[in-house]
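K.L.:
Use the sequences and the hints to build the structure in full.
Protein chains in written order, with our numbering: chain E, 1 to 310; chain X, 1 to 310.
Among the clues, some could well be false.
Some chain X residues flagged as far from chain E (calculated, every beta-carbon gap over 12 Å) [said to hold, decoys possible]:
hint : residue
1    : D21
2    : V45
3    : A46
4    : G98
5    : R100
6    : D124
7    : M186
8    : R190
9    : T259
Just some of the chain E residues that point at chain X, by a computed CB distance under 8 Å [to be verified]:
hint : residue
10   : L52
11   : T56
12   : V146
13   : A149
14   : V160
15   : M240
16   : D243
17   : L273
Worth flagging that the hints you see were computed from the coordinates, not collected in a lab. Built from N, CA and C at the ideal position, the CB exists for glycine as well.
Number of protein chains: 2
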Amino acid sequence: MLIGVDVGGTNIRVLSVDDDDHARVTMRSSAPTPDDADELAARIVALVGDHLAADTVEAPVGVAVAGLAHRSGTVHYSPNIRCLVHYPLASTVAAGLGHRVVMGNDANAACWAEYRIGAGRGVDDLLLVTLGTGIGTGMIIGGRLVEGAHGFAGESGHMVIDQHARAHHTGQHGPWEMTASGTALMSRARSAVESGQLQLHSDLSPTAFAAALANGDAAALAIVDEVAAQVALGCANLIMVLDPARIVIGGGLSSLGETLRAAIDRHIASVVLGAQYRPAVEVVLATLGDDAGAVGAALWARDAQEKFSK
Amino acid sequence: MLIGVDVGGTNIRVLSVDDDDHARVTMRSSAPTPDDADELAARIVALVGDHLAADTVEAPVGVAVAGLAHRSGTVHYSPNIRCLVHYPLASTVAAGLGHRVVMGNDANAACWAEYRIGAGRGVDDLLLVTLGTGIGTGMIIGGRLVEGAHGFAGESGHMVIDQHARAHHTGQHGPWEMTASGTALMSRARSAVESGQLQLHSDLSPTAFAAALANGDAAALAIVDEVAAQVALGCANLIMVLDPARIVIGGGLSSLGETLRAAIDRHIASVVLGAQYRPAVEVVLATLGDDAGAVGAALWARDAQEKFSK
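P.N.:
Below, the structure is given as structure tokens:
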């Protein structure tokens, strides 16, 4: 049995999964994310304690955090979990549990999960792009997870693609996530509803928008196409930097499915330099859904242990 | 003895270097780059043949090419060597020489050289940024050269940072190299000369500009600062994606030295998201100069052989 934890801005999710190529979830629990760091660590200990009591777990517990999760086990900073500033989360949780802990970034963990048991299987140069409130990315290069010198790699949503744009809430001008995230799509949808271009059967929500899209609504299709073009621009940047064989699209926005995937695919081909001279990059949808972060943390804790014997 | 070849848009450079940590150059030759692919391969064979005749060489000959150099040894496309389209350069040269050849991209080769024997020694997460006619980049992650799925990684100069800008000669709108290369600096300098803001003692040239800068000319300093800000913007993007420990600045523009380096360093700190929460990335000048590509090709051919036993 393996245990993985995903610490997000709203909830903490804990999964026990089988230690095999399917990583079937055998137990799950969750609780709101406290806004105090010590309470947050204590809550993880309480939740994981129940999982440890339920079965034999030999591998370290994997913890994925949305933020700058340092290799050392310290969270330096998390935009969505404000209490975690230079906080030694891994060692605090490990001490509370009396069990080893391996910590990492949530998008990196999700990428590892897709690589090992999801939509990324079979290629060793892989990019995961999760489109949600912002954009998270994870990268596999030559079969290895890219963590960077400090463990902060994969913050590609903050890559600037439009330097003369207005300031984003991060303070940057024109970062990728400003125009290519789920938030960006809902913002465009709101404008279209207000101007009467987009008519929905209920109040604006992701579900209502998805329903309009499923009905072939032209305004909804146009919005998806515009956002897909922005997603593609950042993907093209990463293709030129990293030359992946496959890009996996995940996050809440990926529930829009094939319409979104095909549009991103088409736009990438039009903006990658020298596209006619290079093999096309596969664009596929993620298969692990909201569990990817916790599952990936569990697998990564096991695999990192195998690799580094720590 | 090792042999490295650097195939650029203008010249082919061939070096013999000692097979040790200094890679001292013991023989060098060069010739103009032909505009026919078979002639180009034949010229490399002729040049390298003299080097092979002069000493015992056991490692493969390393060949660095400015373009999309596929792992297989085929150059798919080179913007500055137009005759090389889907051309099997490595096998053609190897057949002509009767000696093994390992081929790669020139910026990747230069990065490997800086990593092994230059300004990149001592860190395993490294980024080389060469500022010349365009921008070339090479990346070391976890001690390994990033080649990507096809060998095309490191084309970061084509990363779009200003999507609403005018079209660059590549057809892209606002790629990094459009505002951050040596070409961009000379273009700003020309405008400043024409408007009377920048006064030089001779006609505009890189040397005349460097002289004005060395004299502390305010207009020249302002131009360097503007270009450094653009260099920094792309570096910041790559820091957020890859989390390197050090960035090595090379290429023709790096001859502007400490003034340029310090300006890039300062601007990076102001645009990297969460800079106050993360260790600063070292910014240093390259030490290997124009030989980096050929030296790196020689070292890479040796090291790739050691690693993969092919």
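K.L.:
Now tell me if each hint is right for this structure.
P.N.:
For each hint, the structure was consulted:
1. Non-interface call for D21 of chain X relative to chain E: holds, since the shortest CB-CB distance, roughly 23 Å, exceeds 12 Å.
2. With 12 Å as the threshold on Cβ separation, the claim that V45 of chain X sits away from chain E holds: the shortest Cβ distance comes to roughly 25 Å.
3. Even its closest Cβ contact with chain E, about 28 Å, leaves A46 of chain X beyond 12 Å, as expected for a residue assigned away from the interface.
4. Distance check on G98 of chain X: its Cβ is at least 30 Å (rounded) from any Cβ of chain E, clearing the 12 Å threshold; non-interface status holds.
5. Its beta-carbon lying about 22 Å from the closest one in chain E, R100 of chain X satisfies the requirement of being farther than 12 Å from that chain.
6. Non-interface call for D124 of chain X relative to chain E: violated, since the shortest CB-CB distance, roughly 8 Å, does not exceed 12 Å.
7. The Cβ of M186 of chain X sits about 21 Å from the closest Cβ of chain E, beyond the 12 Å cut-off, so the non-interface label holds.
8. No Cβ of chain E comes within 12 Å of the Cβ of R190 of chain X; the nearest lies about 23 Å off, and the non-interface call holds.
9. The Cβ of T259 of chain X sits about 23 Å from the closest Cβ of chain E, beyond the 12 Å cut-off, so the non-interface label holds.
10. Interface hint at L52 of chain E: violated, since its Cβ lies 31 Å from the closest Cβ of chain X, which is beyond the 8 Å cut-off.
11. Because the beta carbon of T56 of chain E sits about 32 Å from the nearest beta carbon in chain X, more than 8 Å, this interface hint is broken.
12. This hint holds: V146 of chain E has a C-beta 6 Å from the nearest C-beta of chain X, less than the 8 Å allowed.
13. Of the supplied interface hints, the one on A149 of chain E holds, with its beta-carbon coming within about 4 Å of a beta-carbon of chain X, less than 8 Å.
14. The beta carbon of V160 of chain E comes within 6 Å of a beta carbon in chain X, closer than 8 Å, and the hint placing it at the interface holds.
15. Hint status for M240 of chain E relative to chain X: holds, with the closest Cβ pair at about 4 Å, below 8 Å.
16. At about 2 Å, the closest approach between the beta carbon of D243 of chain E and any beta carbon in chain X falls short of 8 Å, and the interface hint on this residue holds.
17. The beta carbon of L273 of chain E comes within 5 Å of a beta carbon in chain X, closer than 8 Å, and the hint placing it at the interface holds.
This entry does not satisfy hints 6, 10, 11, going by the numbered hints stated previously.
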